[in-house]
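Student: Spelled out, the chains give:
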Amino acid sequence: MSTAAIECRGVKLRAGSRLLVDALDLHVQAGSRWVVLGPNGAGKSTLLATLAGARRADDGLVLLGGRPVEHWDVQALAAQRTLLPDGWLDPFAATVLDTVLTARYRLGEADEHGSSVAGQWLARFDCAGLLPRDVRSLSRGERQRVAIATVLTQEAPLLLLDEPIAHQDPRHQALVIDELAWLKGHTLVASLHDLNAAVRLATHALLLNGRGDWTAGPAERVLTAEKLSALFDTPIDRLQAGPESGFFVVRPPR
Amino acid sequence: MTSVRPQRALAALVMAALASLALALATGSVPGVLSALVDSSAVAGARSAVLWQLRLPRALSAFAAGGLLALAGGLLQALLRNPLADAYILGVSGGAAVGAMLALLAGAGLLGMQVGSALGAFATLAALFLLARRAFFGRLHTAARVAEEASTSVLLTGVMLAAFAAALLSLLLALAPDVQMRSIMFWLLGDLAGATDLRAALASIVILVVLLALAVAQARPLNLLLRGDLQAFVQGVDVRRVRRRLVLVSALATATAVTLAGAVGFVGFVAPHLMRQLVGNDQRVLLPAATLAGAVLVLLADTVARTAVAPLQLPVGVLTALIGVPVFISLVRRL
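Residue numbers (our numbering), protein chains in the order written: chain A, 1 to 254; chain B, 1001 to 1335.
Check before you lean on any hint, since a few could be wrong.
In silico contact screen, one side only, chain B against chain A (beta carbon under 10 Å); selected entries [what the hints assert, rightly or not]:
no.	residue
1	R1081
2	A1163
3	R1241
Please keep in mind that the hints were generated in silico from the structure rather than gathered at the bench. Predicted, not measured: the structure shown is a model, and the values here were computed from it. Just so it is clear, CB atoms sit at the ideal spot from N, CA and C, and this is done for glycine as well.
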């Protein structure tokens, strides 16, 4: 049995008085790629922040490498996991390279490989031409890809990504999903809204309905038309024949 | 954005600091004071007294006060991610003034006033962070919007504390006997006439160096903190610990500066701004640059304040504002 990269035991998440997630048991194995799906406000971002140790679970335990995440030293934690938050902040003028290099903080001043690692990830997410630009002069989609490259430059094996393909055009949506699916040596937990991107990326899926209920398991058993229709309260079909077979199609709600 | 090479900017600032120090020591009604450094004849005796007992303590105090105020302002601006933050606007200087006034009215001398002002500064900062502690030291802010609201709430609390301190001051002024009015007014505007103790001046320089070193040691995490609590935490910054340390540094800096020079406004606000234009927002460079710039600004202002209409002396705070405001407005307009 392979080890769990991160694990939830009886985790409860609240937002004010609303119960978002109740008694969540999750076993994310090293090397797997989990996709988190659910309607707006279902607690996807809250769950990712909790897994990252940035907020406490309202009940239950989050274990990283078998140890409660809040017991980890902040700098040691940064070597284990990283988080792409929803809405990355670039509050002041800085070059793209300097922005990406913030992710090397945990490695101290004498970090020789920072620039080459940063350059490599920027290139893989089609940002190589942006290197000398000021981050604030970039479009939102470009900024998001720079943020993804930043997160990977941290070189933590566990990636927690909140809507990584937000603001991406179709070409870059496909590119980002492909790159993430091909990552070696990483464990991934990503929230997504695109069902077909989820199918391409996921080995496992977690559905959150925002009223406490959840479903978790291997992608082929969880990402079904029936379960997704119920989750989003909208008719969703999966095409069965033709070249597009396997694709999800969302019908307008009646 | 015009960024000068950091080493060059810092070197230029050190040169400016030394030049302004030499100017401050050489300027005044007794000429040739600097020659007392190398000349030990009888004539030089009186000049030596002027140098060691009057000009040097005063120049060093001005230098330290300016540097400390600029350091505190730079730190508060970074911690609150708001360019409006500074000890004066957050009510800390006002609180210090109330403390000094209470000491004066209670019949205390200069030393009592200084102790009173330090206590006032600390009490105000303590009240500020106690009132706003949930916003500032509580949970990590996981959303950008929440973090912004938190920093705004600290700033608003500070502005209200400043208003409260101003009201208390007016009340005390109304109750104060006329004979004390003049010295009170000078103190409120910032005044270095009382800085004649060389040991105290040297001690304040040591405090400046120590606090600057402590702040620069936290400059790397502070750079990340500027980008947002959540990002900094994810990348390995112990957000709460860094913030606690830097708040303490800025409190000590403000209290020391106010004790030295009274309520000199504006320096803590303008020096970090000027330097941010020049060297950018990397706190490892910006904090020492702002500190040096603040020190030079107050030292030059004080040199003008004690010589412009000699033998009358002007309060240094008036000069820093008279020079600083036009410079600042012209800078903001260019942005």
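Student: Which hint numbers doesn't this structure obey?
Tutor: Hint 2 contradicted; others consistent.
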